[in-house]
Amino acid sequence: MEIERVIDETPTVRTLLFQDDIMEGALPGQFAMVWVPGAGELPMSVMAAEEPGMAAFTVRRRGAASTGLYDTAKGGLIGVRGPYGRAFEATQGRALLVGGGTGMSPLMRLLSRLGSASHVDVLIGAQTEKEVFFEGLAGRLAGDVPHRIVVTTEDGSYGRQGRVTDELEGMLDEKPDAVYTCGPEPMMHAVVRAADSRGIPVQASVERVMKCGVGICGSCCMGEDLVCTDGAVFDGKHLIANSEFGSVFRDKSGTVRNV
Amino acid sequence: MEIERVIDETPTVRTLLFQDDIMEGALPGQFAMVWVPGAGELPMSVMAAEEPGMAAFTVRRRGAASTGLYDTAKGGLIGVRGPYGRAFEATQGRALLVGGGTGMSPLMRLLSRLGSASHVDVLIGAQTEKEVFFEGLAGRLAGDVPHRIVVTTEDGSYGRQGRVTDELEGMLDEKPDAVYTCGPEPMMHAVVRAADSRGIPVQASVERVMKCGVGICGSCCMGEDLVCTDGAVFDGKHLIANSEFGSVFRDKSGTVRNV
Amino acid sequence: MLASGILGISVDVFRRVLGAGAGAVVTKSLSREPWEGYSNPTITGTGGGGWLNAVGLSNPGASAFAGMLKGQGLPAVVSLVGSAPAEFVSMIKEFRDGAAAFEINLSCPHVAKVGLEVGDDPGLVGEIVSAAKRAADVPVFAKVGLGSTHYIKTAGAAAEAGADAITAINTVRAMSIDVEAKKPVLSNGFGGLSGPPIRPIAVRCVWELASKYDVPVIGCGGVSSWEDAIEMMLAGACAVQVGSAAGGRIGIFGEINAGILGYMERNGFGSVKEMVGLART
Amino acid sequence: MLASGILGISVDVFRRVLGAGAGAVVTKSLSREPWEGYSNPTITGTGGGGWLNAVGLSNPGASAFAGMLKGQGLPAVVSLVGSAPAEFVSMIKEFRDGAAAFEINLSCPHVAKVGLEVGDDPGLVGEIVSAAKRAADVPVFAKVGLGSTHYIKTAGAAAEAGADAITAINTVRAMSIDVEAKKPVLSNGFGGLSGPPIRPIAVRCVWELASKYDVPVIGCGGVSSWEDAIEMMLAGACAVQVGSAAGGRIGIFGEINAGILGYMERNGFGSVKEMVGLART
Ligand SMILES: Cc1cc2nc3c(=O)[nH]c(=O)nc-3n(C[C@H](O)[C@H](O)[C@H](O)COP(=O)(O)OP(=O)(O)OC[C@H]3O[C@@H](n4cnc5c(N)ncnc54)[C@H](O)[C@@H]3O)c2cc1C
Ligand SMILES: Cc1cc2nc3c(=O)[nH]c(=O)nc-3n(C[C@H](O)[C@H](O)[C@H](O)COP(=O)(O)OP(=O)(O)OC[C@H]3O[C@@H](n4cnc5c(N)ncnc54)[C@H](O)[C@@H]3O)c2cc1C
Ligand SMILES: Cc1cc2nc3c(=O)[nH]c(=O)nc-3n(C[C@H](O)[C@H](O)[C@H](O)COP(=O)(O)O)c2cc1C
Ligand SMILES: Cc1cc2nc3c(=O)[nH]c(=O)nc-3n(C[C@H](O)[C@H](O)[C@H](O)COP(=O)(O)O)c2cc1C
Ligand code: FES
Ligand code: FES
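Protein chains in written order, with full-length UniProt numbering: chain A, 1 to 259; chain B, 1 to 259; chain C, 1 to 281; chain D, 1 to 281.
Honestly, I wouldn't trust all of these hints.
[Said to hold, decoys possible] Below, computed lysine-lysine pairings styled on DSS-like, alpha-carbon distance capped at 27 Å:
(1) K212(C) to K212(D)
(2) K74(A) to K183(C)
(3) K212(D) to K113(C)
Keep in mind the hints are simulated off the structure, nothing from the lab.
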């Protein structure tokens, strides 16, 4: 796959756009295994592209693979397999999307498919102003659907000061019909518990170490679930019943670690 | 595949019927590779069955494999792969079918699909009365189509005395629109030449040693043709241009032998 | 039986696999220390249901795993890798109360100094299996594959040293190159081929082993349906492991069980034993 | 290049294959006397485009074939099987004027005393290749496969004895059993696995050979598209043979040629040489 356009979102986050029918058809929340020759392979949520026929990934540079992908310029080649996993189920009515960091990426794709929602709230969390992205895009993707976009930064340099969870209660009071979340696991854990305790259906896209992406290697296990095939999107009730969610994950060796 | 019914045609020829959708769908002239566990595997033209949903093979016992198949009783198991090869192209109008021995089998299947012909002549050759078969069946398969069935025996014990080729000239004088033949190669050679020299389209189903049936092994070559994939049914003009037709074949080792 | 390295690092997942109908599970091959394994890509498809992997024996280490299995009473076969008899002995000792059997991995085709490189040295194989047998109070299996020493010799050495069963086969050393990237797909270059493509090779190995030695053979390689499982048994396997085919399809164990039962009924077999090696008679 | 044993017994068919775009053809492996081979079934499908065959090296014998090729000027590589150096020498002598090269089959996995059983004896391989080199006035290739002796050793012995190229690989010894008949499908029981399932194994062998020896490697095994052919070249093959995939699809040679040309253009390669072994750099 050839990268056709690169967008700098923040100093550490880029969106890479490319033409591919298969990825363009991915459902929101599905992911792909993205190979950066020489650098590695990693799971990436399929991101929305504004251009028809295009798909995208939004990547933050962290380790070798993500940095390799981040550094892939226009014209660069990547290998993509998938899409894999379960997607968000888009429900009707009023929707609340809560995302942190690159976890916004599947939510953006979901937003681009929420045309029949009655109202959409998007809650975006970041550490600081420079790391805020997708605010403008969220507005464009929401299009005609009545929407509100709220940004929080931990240092208060942009939007409201604090964490997304601080804003959450108020927005849940407005009784959304469905909550969708993706981001750091402690954040998702809080969102899932808060929504579920009020009886509001919630879905979260979970992250684990992935090697195969297709349910062979077991590296992505979370309790008895395999995040790659049973998820990455899970229903909130299911997650609450899974004692490993929000608590432990397995590193690359399979050693159990705290989230 | 389980054999459901066995018909003794002559002291050395039997028809084995079985239920199989794939073989039931074989076109007339196509063949299958039939495995008789323990005895061998051999190419067999798919034969017509009067029972709906059934297909059949008609086998003369000769060597190990054909005798193994011949000896397979009701309830016996055979393995079948295929159908393979090109089929007879059924043309409109007046048809002449010329067969010898088990070469009648693909012609019978063809006859069962000639419902739109205006007239069908069937010319059956055998050595002696006891070896005549399919005469009654040919009549039944022709059904409403006006038809004539002529049998020749070399010893004159049944039908007209002589070889099929002796009757051929007279029947070609009646200007059939198409001639179809299957049987011993010298007979087919004569039929093809006679029909072609009068400008009558003729198709023949050729026999060669077959191991794979799918164009891999080359054992069935006749000139540059592979009988398994380019045939077994060939157009007469093509056969006349092939210097090996009617002249030489390769035995199991690939050694060239006279037909 | 679930093959080693497939879904094999968590007790919760084992329970799910057992619930789906597997008679036993084999753990990911464990080493004395935790191993990260190779970096991604570690797995790639090769067509026809085949997979090429070089996970690099990533595992949390024997101690951590022993802790997980302890007292759970699971029918878990603990797979072990190492280079010397003492390593195996020390790992085996960690598993008092937790292992139903041990499987010595003599055949991983893509990690240096362990697996195949051990299997390729029949003398060492004999020492390891003897030592493991002495240390273990449960059965010890030896898992062989196609290496630079003929697997028949490796299996022979293991059998002579007292192995209770031979598992055959592991993945087959192989490689895929991406023509656009012009590089091997796996980060390690070489990997092991598994899935339906290797089934006919595995069936042949099971047949050859069962014909040659008296020790029970556990068939592994490309089994993805009940017919494949029966094929292994007819060749001589008294038990069958399913690896790649369980990927994304944990229900396969139940399907295979049901298929085998139906087959046995149709063919009048009273027990699995009657089928083992039947095609060789 | 058409691989040995595929469509390989008639000059007319060779012409057709060459006309379809093959650069050369390899004959069926020939023995001193004609061989009938095994009785049918000799070939069976194994899924995923794989084939298992035990044709049993049926062939009309070297003399008969030499007569057919004589003076035809075809780019025909004559494949030979035998058990002793003298046999190969006497066969090679029959082919004055008719062979563009010889390929010594050291790797047929299903016939006793020839093929793999010879390849498993590196000493004998050395003798045969030396003798063949002395007798032949055209290049001599040695074809290796996965046997009980590691193919790297066999290839090494052939290279040392002066082989002009190594062809890798032959079919892989394997078996299929029919669960209803409860018997191996092939009359010979064992056969050789070919087609896409073995491609990753063949690519690995080409890579390993090209990395280890200086002698040119001819890639063979599972090539069924231009991508597969390029993959072989990137691994280190300077020529590629197509076997099973040519079955029923002789036009594949033209398709592969066109695909390679397009690829070279897109990637700016001026000659095939630039691609050979590129993935290893
Ligand atoms: C389904 C799914 C979708 C994803 N979508 C995106 C996306 O759209 N954009 C994006 O930028 N990233 C996404 N990720 C995360 C991404 O795949 C990588 O894990 C991340 O980029 C780090 O990979 P790396 O190989 O570069 O770094 P590594 O060298 O593997 O790690 C760098 C750091 O991140 C930590 N880390 C890596 N993986 C995990 C994990 N699973 N859980 C906890 N910590 C971890 C490491 O411990 C280390 O501190 C997704 C992950 C999953 C499972
Ligand atoms: C496309 C095709 C369709 C066929 N359909 C039928 C059919 O419907 N019914 C039927 O009974 N047979 C049919 N045959 C012939 C059949 O496949 C076998 O060749 C025949 O039954 C003998 O096989 P065997 O293995 O029993 O005997 P073998 O032991 O192989 O041979 C017995 C005798 O037959 C001779 N023979 C075998 N094959 C050939 C050959 N190809 N050309 C010349 N001589 C040969 C042998 O030389 C030997 O004398 C067909 C063949 C082909 C290629
Ligand atoms: C991703 C993956 C990881 C594997 N890890 C191991 C391992 O740790 N130890 C081992 O003995 N075999 C391992 N294997 C090999 C399998 O246990 C099995 O022998 C092989 O895959 C063939 O079986 P299959 O075709 O059913 O998958 C692994 C296979 C795969 C695909
Ligand atoms: C039917 C058949 C017959 C073969 N006969 C020979 C042979 O006589 N000599 C030989 O060296 N290889 C023989 N081979 C092996 C092929 O030449 C080739 O090495 C193998 O099939 C792998 O290539 P492929 O996957 O492209 O078929 C034969 C293969 C098949 C399928
Ligand atoms: S990533 Fe391999 S099982 Fe989920
Ligand atoms: S029978 Fe094998 S090519 Fe025709």
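Hint-by-hint comparison with the structure:
no. : hint               : in the structure
1   : K212(C) to K212(D) : 34 Å, violated
2   : K74(A) to K183(C)  : 20 Å, holds
3   : K212(D) to K113(C) : 20 Å, holds
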